[in-house]
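Chemist: What follows is the residue order along each chain.
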Amino acid sequence: MKPAPFEYHVPDSIEQALALMHEHADDAKILAGGQSLVPAMNFRIMQPSMLIDLNRIAELSYIREDGNVIRVGAMARERHVEFDPSIAKRTPLLHEAAPNIAHPQIRNRGTIGGSIVNADPAAELPVLMLALSARLKAKNKSGERWIDAKDFFAGMFTVALEPDEILVEIELPFAEPRTGWSFMEVAPRSGDYAMMGIAALVTLDKSGKCKSAKLVYLNAGDGPVDAVAAAKMLEGEKLNDKLFESAAVHASEKEITPFGNIHASADFQRHLAKMLTQRALKQATQRAGEV
Amino acid sequence: MTQSVTVTIKVNETEYSREVEPRMLLSDFLRHELGLTGTHVGCEHGVCGACTIMFDGESARSCLMFAVQADAHNITTVEGLASDQENLHPLQQSFWEAHGLQCGYCTPGILMTLVPFLKQNPNPTEEEIRHAISGNLCRCTGYQHIVDAVKLAAEKMQVVE
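Chains A and B, in that order, are what the protein sequence lines are. The opening residue of the first sequence carries number 1 in this note's numbering; numbering runs sequentially from there. The opening residue of the second sequence carries number 1001 in this note's numbering; numbering runs sequentially from there.
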């Protein structure tokens, strides 16, 4: 249970980190919060020959409002996200979901950027990025680019970053008016990996009909799974339990592809998805009527 | 073997400088380099919570950090809680009185999780306590006496303040 040897670099600016990545893209691994990387290194599942530690780069850790978006530095700790008043007010879905991310000790170290780039299909943050239509800013030595969350997750533990790119910022649009939210998951114990989970958003129009909906699932495929067709079934409708059930059946039977694991068979995961979808849609719709 | 680096880490208000390999975990640094064996090592992959310490005042897994990352930072371990052998921290005293431990393996990690927790939540509900210790495994107590000990500690600490 000891990591293999590696060369350690600890830049104190983004420029230095990008220069190191430019030079060592093939060997280097970024060390953010380390809450997934270090266990993998302890098991020697991962043996990077070089670590570039971003923890001393103060300019990567911030949460601030800017016009009608929130900008979050990639090295902001999950614990800061959990307690940030702007996030609670502007993106209540993220605020409500944050305590579900592992345990307090892990959230004290774990970073928003680290979890997003790790792209664990069972993790909460990739699902939330998709649900919130986040934009992700990647930088390398020669420039920067923005990637929509829907184009960012490219499969199991895989994202659309080039080897020399670093995720530096997450842009979260404020929740639209009349938008309700819900985050629900079922885990064997609080803080453990969930067997199934859902992030749901419902936006109502002025007449009270559904303008748009979003249903994104964790541990339901090889990345966060956006049930686009099920969400579409709700659009333009006056929402009710019957519609929630139809959307839940469609999403759980046709759109998610859970693999099953030692805690839950794929069938049970589909069952959980169906139940959670109905409850989450009900809660989100109720809240949309209140805000 | 990669090149060793010099780190200077403040542990329980004492500064220590040591040469370490970058791959040395903070948990191993505390135990093997400093002889502070109160920090226990269970699973070494962040699940059991036995190695929990305070990093700049916040609870963290010392098995999921490298000692080099603690350079110029402040660490508190269980050895830093009591002022001396006669005067335990009120949380330790409460664990003693309420039978919050049996074998004691998980206890240091639980204490180091709860000290910052009680600072932020001086009057916690049972549910909040159970959520706070969700990242610490105890195989003896069934947790009930731990919860009782935390409630007792919250009372004691409010009287002190």
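Don't read these hints as lab results, they were simulated from the structure. Only a predicted model underlies this, so the values are computations on that prediction, with no experimental measurement involved. Hints may be right or wrong, so weigh each one.
Derived pair list, reagent style DSSO-like, types lysine-lysine, alpha-carbon separation capped at 27 Å [to be verified]:
1) A:Lys-89 / B:Lys-1119
2) A:Lys-232 / A:Lys-150
3) B:Lys-1010 / A:Lys-2
4) A:Lys-254 / A:Lys-211
5) A:Lys-89 / A:Lys-150
6) A:Lys-211 / A:Lys-282
Chemist: Are the hints correct? Go through all of them and say.
Modeler: Structure-based check of all given hints:
no.	hint	result
1	A:Lys-89 / B:Lys-1119	25 Å, holds
2	A:Lys-232 / A:Lys-150	16 Å, holds
3	B:Lys-1010 / A:Lys-2	24 Å, holds
4	A:Lys-254 / A:Lys-211	23 Å, holds
5	A:Lys-89 / A:Lys-150	24 Å, holds
6	A:Lys-211 / A:Lys-282	15 Å, holds
When held up to the earlier numbered hints, the structure conflicts with none and fits them all.
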